[in-house]
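One-letter residues, chain by chain:
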Amino acid sequence: MTVLAVADHRRGSLRDVSYELVTAGRQLADSTGGDLHVAVISGNVEEFGEKLNLDGVDTVHTVANGEEFNHDVYAGAVEALYAELDPTVLLMPNSVNGLDYAPAVANALDLPLVSDAVDFDYDDGLTATREMYESKVETTVDVDADQVAVTIRGGEWPASTKAGDAEISAFDFEPEGELGSRVLGFEEVVGGDVDITDADVLVSVGRGIEEEENLELVEELADALGATLSSSRPIVDAGWLPPNRQVGQSGKVVTPDVYLAVGISGAVQHVAGMKGADTIIAINTDPNAPIFDIADYGIVGDLFEVVPELIEQFN
Amino acid sequence: MKILVTVKEVAEVEDDFEIDGLGIDEAYLEYDLNEWDDYAVEEAVQIAEAGDDVEVVSVTIGPERSEETIRMALAKGADRAIRVWDDAFEDVDLLDVAAKTRLFAAVVEQEDPDLVLTGVQASDDGFGATGVSVADEVGFEWAAVVNELELGEDVANVRRELEGGVEELTEVDLPAVLTIQTGINEPRYASLRGIRQAQRKEIAPMGLGDLGLDASALDSPIELTGMREPESESDATIFEGSAEETAAQLADVLREKGVGAQ
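From first to last, the protein sequence lines are chains E and L. Per the numbering used here, residue 64 is the first one in the first sequence, and the count goes up by one each step. Per the numbering used here, residue 2 is the first one in the second sequence, and the count goes up by one each step.
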């Protein structure tokens, strides 16, 4: 079989998931002794092409067209490459950009789409592992089709790093007609007064805090510990803390010595931002909360009982 | 202008639950409006409140039970609603992206909206793909993961929330499908007056035949074959005891790490 994997990049750098796609793609290609093709579209494709010349990659297709991601260019280029290579599996990232073109490509090519796969294998057809109900269950799906589109979750496969001897091939592609969307620029989310990426100790608060006025309790804890206050996404969505306090995939990546997660369940998007902390401590009522999977220490209990006791210990 | 908002009633799973075959035992499920869709509804209603002559139509795929959820969208200000269901759905374990696309595309073609808003993803099956797939199917433009929206005459100016605290500013031609990220606005609670008014608003039932489709529209090559609780990889030290005891043990660990030492 042939596997075609599409790399992801932004503002001049390949994103980590690009290297993970190579590992995932090689895993699939190996199961049938097939070829792995990698496509990189837009930006400095020559430089990206060299970086993607990794062990296990047979061909890197470089598509020079524009600087940054544009979904019309990506969708058109992937569809054109698909027509030429006729791959069994089309692999794309379940990144924000992947969410913006992969479903359109799958629909245009009439391919079944398995999104956000965390594992798979191929034996007469694709069997993929996905999570449902906010990671509370893991499911298996079988795909009864000759060809399939799959998007993979970032961080689930190790990154490929070993250099290879792939053929690097320029692929000519020009989108037809005018583009229906135009990227006008980028902006960083405002910095604000505090840089949580600098903090040695973070007390981070999540949905479990329930009400805005209860934040005071966690602020008091942060004060008592000499820590900086951060949060998971729902707290920022609710407007209770500014965006510069958000830890996670769409927020900041933090690497403090100690990360104390209070009332945070530990959704993958949050974990992506804090798993690099030296010591992770969780306080949560749900013993099955995914935060305990990565925690070093935990208390299964009601934060409204535990936190006041903890403040007491330090005052 | 007409805005179509797709909404989904999602099942939320209690902390402790049991799996029964390929599903979760009903006793452990609670049904609610998908969180992302709540923001999409709010965005549509805010556009309607800011402009003249804007109609907001809400559409869902779901059994009769889901009328309770779609009434939330009506109570928050949607003008009318469509509920797509058919006996043929009863036998389907997993409605895949392509099947949902066929259903919603048929609704879009009937309603001919200027703008379609959907949540980025649903909290139950989490495909995160239907909106963009529908856009491709009906030939609309689109943008995924939108956390700010400003409508112009023929274009939508959006911000797309990328990873790592970066936002992309993009101009999208209308008509378009936008998938809405949480945090774009502050969804309102349905007022008592809104809830009363919603009782009088129309929820039009639509079967496959009404959409010009038949049961083959639900065919999917993707089959759900297994469901299990993820194995815990936890090697955390869990402190046991009362709040006072566990807090004291945790305080010892924190002090060891030098936390709280002024």
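Keep in mind that the hints were calculated from the coordinates and are not lab data. Every residue gets a Cβ at the ideal spot worked out from N, C-alpha and C, and that includes glycine. Hints may contain errors.
Claimed, not checked - Coverage of chain E stretches by chain L, computed from C-beta distances (three or more under 8 Å per stretch; other residues unrestricted): (1) 81-89; (2) 104-115; (3) 156-164; (4) 202-208; (5) 221-228; (6) 287-300.
Claimed, not checked - Heads up, simulated DSBU-like pairs for lysine-lysine below, C-alpha to C-alpha not over 35 Å straight-line: (7) Lys258/L with Lys338/E; (8) Lys338/E with Lys315/E; (9) Lys225/E with Lys338/E; (10) Lys338/E with Lys114/E; (11) Lys202/L with Lys3/L; (12) Lys315/E with Lys202/L.
Claimed, not checked - Some chain L residues near chain E, calculated using beta-carbon distances under 7 Å: (13) Pro64; (14) Ser67; (15) Leu170; (16) Glu234.
Hint by hint, here is what the structure shows:
Given a C-beta distance limit of less than 8 Å, the hint that chain L covers the stretch 81-89 of chain E is violated, as 0 residues qualify and 3 are needed. Residues of the stretch 104-115 of chain E with a Cβ under 8 Å from some Cβ of chain L number 0, which does not satisfy the need for three, so the listed coverage is violated. Counting residues of the stretch 156-164 of chain E whose beta carbon lies closer than 8 Å to any beta carbon of chain L gives 7, which reaches the threshold of three, so the coverage claim holds. A stretch counts as covered by a chain when three or more of its residues have a beta carbon under 8 Å from one of that chain; for the stretch 202-208 of chain E and chain L the count is 7, and the coverage holds.
Proximity of the stretch 221-228 of chain E to chain L, defined as three or more residues with a beta carbon under 8 Å from a beta carbon of that chain, is not established by the 0 residues found. Given as covered by chain L, the stretch 287-300 of chain E passes the check, having 8 residues with a CB less than 8 Å from a CB of that chain where 3 are the minimum. Distance restraint check for Lys258/L and Lys338/E: the Cα-Cα separation of roughly 18 Å lies within the 35 Å cut-off, and the hinted pair is therefore satisfied. About 12 Å separates the Cα atoms of Lys338/E and Lys315/E, which keeps this hinted pair within 35 Å; it holds.
Under the criterion of a C-alpha separation no larger than 35 Å, the hint pairing Lys225/E with Lys338/E is consistent with the structure, at around 25 Å. As the CA atoms of Lys338/E and Lys114/E are separated by approximately 26 Å, the hinted pair is consistent with the 35 Å bound. Of the pairs offered as hints, the one joining Lys202/L and Lys3/L holds, with about 17 Å between alpha carbons and a cut-off of 35 Å not exceeded. With a C-alpha separation of about 44 Å, the suggested pair Lys315/E and Lys202/L falls outside the 35 Å cut-off, and the hint is violated.
Using the Cβ-Cβ criterion of 7 Å, the hint placing Pro64/L at the interface with chain E is not satisfied: the shortest such distance is roughly 18 Å. Interface restraint check: Ser67/L against chain E, minimum CB-CB distance 17 Å, threshold 7 Å, status violated. For Leu170/L, the shortest C-beta to C-beta distance to chain E is roughly 4 Å, which falls under 7 Å, so the interface hint holds. Interface hint status for Glu234/L: upheld, as the beta-carbon distance to the closest one in chain E is roughly 5 Å, under 7 Å.
Hint violations for this structure: numbers 1, 2, 5, 12, 13, 14, all remaining hints satisfied.
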